[in-house]
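Could you put the whole structure together from the sequences, leaning on the hints where they help?
Chains Y and X, in that order, are what the protein sequence lines are.
Per the working numbering, the first sequence starts with residue 103, numbered consecutively.
Per the working numbering, the second sequence starts with residue -5, numbered consecutively.
Hints in this document: simulated from the structure, not taken from any laboratory.
Glycine residues also receive a C-beta, built at the ideal position from the N, C-alpha and C atoms.
Careful, some of the hints might be misleading.
Reference listing, derived: stretches of chain Y covered by chain X, where coverage requires no fewer than 3 residues with Cβ under 8 Å from a Cβ of chain X [what the hints assert, rightly or not]:
| # | segment |
| --- | --- |
| 1 | 147 to 160 |
| 2 | 177 to 189 |
| 3 | 199 to 212 |
Taking lysine-lysine pairs in the DSS-like style, the calculated list, with each CA pair at most 30 Å apart, reads [to be verified]:
| # | chain 1 | residue 1 | chain 2 | residue 2 |
| --- | --- | --- | --- | --- |
| 4 | X | K(-4) | Y | K158 |
| 5 | Y | K256 | X | K(-4) |
| 6 | Y | K317 | Y | K158 |
| 7 | Y | K213 | Y | K256 |
| 8 | Y | K158 | Y | K256 |
| 9 | Y | K213 | X | K(-4) |
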Amino acid sequence: MAQPTLDCRGLRKVFGDLVAVDDVGFHIDAGETYGLLGPNGAGKTTSISMISGLLKRDGGSITVDGEEMTTINLAAKALIGLVPQDIAVYPDLTARENLVFFGKLYGMSGKALQSRVDEVLEIIGLADRAGDRSDDFSGGMKRRLNIGIGLLHKPNLLILDEPTVGVDPQSRNAILESVEQLSSAGMAVLYTTHYMEEAERLCDRVGIIDHGVIKAEGTRRELVQMVGEHDRIRLETTSGGLQSAVAALSELPSVVEAGAGDGLIELLVTEAGEHLTKILSIVTEAGVAVAGVDIDEPNLESVFLHLTGRALRD
Amino acid sequence: MKSLTIAATNLRRFIRDRGNIFFVFIFPMLLVLVLGASFGGDFNARLAVVTEPGGDLADDLVTRLEAIETVNVVSVATEEAAVRGVERGELEAALFIPADYDESITAGTPVNVQFLSRSGQEGNSLRSNIESAITQQAVVLRAARFSESEGLATFTEALAVAGQAEANIGPVNVEVTALGEAFSLDLLGQFDSSAQTQLLLFVFLTSLAGSAALIQTRRLGVAKRMIATPTSVRDVLLGEGFGRFLVALVQGLFIMIGTWLIFGVDWGDPLLATLILLLFSLVGSGAAMLMGSLFSNDEQAGGMGVLFGLGLAALGGCMVPLQVFELISPGLYNVAHITPHAWGLEAFDSIVLSNGTIGDIAVFLAILAGYALVFYALAIWRLRVVLTR
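Shown next as structure tokens:
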């Protein structure tokens, strides 16, 4: 079995009486995007700070490509690219100057550095603004520059801590597309967010974290099944015997619950997409005319709510 | 190498801020000029003389006063103007020679001159000079009076002969040898003392301003991001400190070369002077890095930097000479040596006043190096705690 790019186990961090992170563990393989999903204050940034060697851990282990991460192990730090939540660039330097500065700190120099800076400027869409000071940039452009710095040295593991906070929808989409491309190119990505839709779009696997503890982990489907959530199908009807249709639908193994009223048939089913054709066929056979279909699949928001008893944005 | 990258970036950012150019290069030179012109070592007391024109003996007394090297005689028309000048501090003292000065002396009747001065040592010194000039004139007058009384000549004729005789008598020079350490201001040029003190004051003050730059780097998250790269906390701090050290060093060299060229300031052996400056710049940048790692608010650090910068400069002899401290209280003189400024000034005094060699200032240099080492070590420890806790 191949060694994971990131392997962290039993991470623990205590600030005074507050246990910020407790027994957090997960791994990320090359080419995989792992999402750490949780509300503000859940322990995401603390976990990332330990993983990127910024913060001493009180317990647990972290290895990046087999190299143990500590606050002083520079070899391990060379393997990761960190994109912090705050825009950590010099405002009075240009985009190019910021990239060159951090490129040198990553050990790059000469033509290789200049060439890579040009590449990154293209990736983040700032090639035409390379000579402008970053304090003249919009929020979205600053965010893209912030990400660009983390990409400079082509890290094995890219860590993005809430990279889309406060950006416009266009820049946000550009950032998400960039992350998808990097993951496709084989980079391992650790992505923290409290935006459920970002985690669903980008992440192969998701760890749901709350109060410093990973509550559950897996693919979206696994998480949904883990908490016993079902798809909801709502059929809008115009005529026919609703009760007989409901009785017939209740016989299906995939239908967990069925009901009718006010011209609507409501069903709780497993794998709605797979069984929708069969369901519509039964309803039609029962003499009911269907005017509209609405499918509501459970998402990570509802999983989080189920696991923690509160919404992601609480 | 990474420290140099960080230092170069800091310098670039520093130079881009035009305001820094004024405060680092132009302002100190202006201050040296103003302080040197106001309180420089070539100081002559200004003595106002109020007298009626036409009296030969009164004129002779004024000429004798003008011959005193340390006195600038200023002719003032009225007593009121002279009194006002002394009151305002524009003149150190005034001498009122009565209109009947010549008449009274010729007639052999007593005559009074009035002396008015500001309180303090300067007035006493001027009074001695004036009494000396009057005594010199009195010797000639007595000789003339004696000749007249012996029937050898009229008073006027005898006075002319006595005056010629005085001119032919060689002066008696008094060689003064002072024991103990000399009060050094007299030995320095007009701008020397102010240039040295301003050099140390500004180099330290400019360095301390670097603490705000370090705090800004921390606040922007750039410092954390730097240590997330394969760069050690030590390299980050040395880079930040080195940038500030270079600014301080360049500023110091600018002041040294500028004051030497423009005001003719004597800095002693240029290599030794540069060595003192180099170590003092290290002390300043080390102190700045320590402050930058202790404070988390750059405005707070900026305010404290000015407070510490001026406070330590004042205590260390950059505003009042160390020798004055020594005269006032030996204890105060010892306390002044808590500051690196005092050791820097001692080192400059040694090479400027005594042509001191590297051996003579080795102790001072070692103490300055010790300050720098302690400041940097504490700053690295503190910054590591702050960034990784």
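| field | Hints the structure fails to honour | value | Checked against the structure, no hint fails, so every one of them is satisfied.
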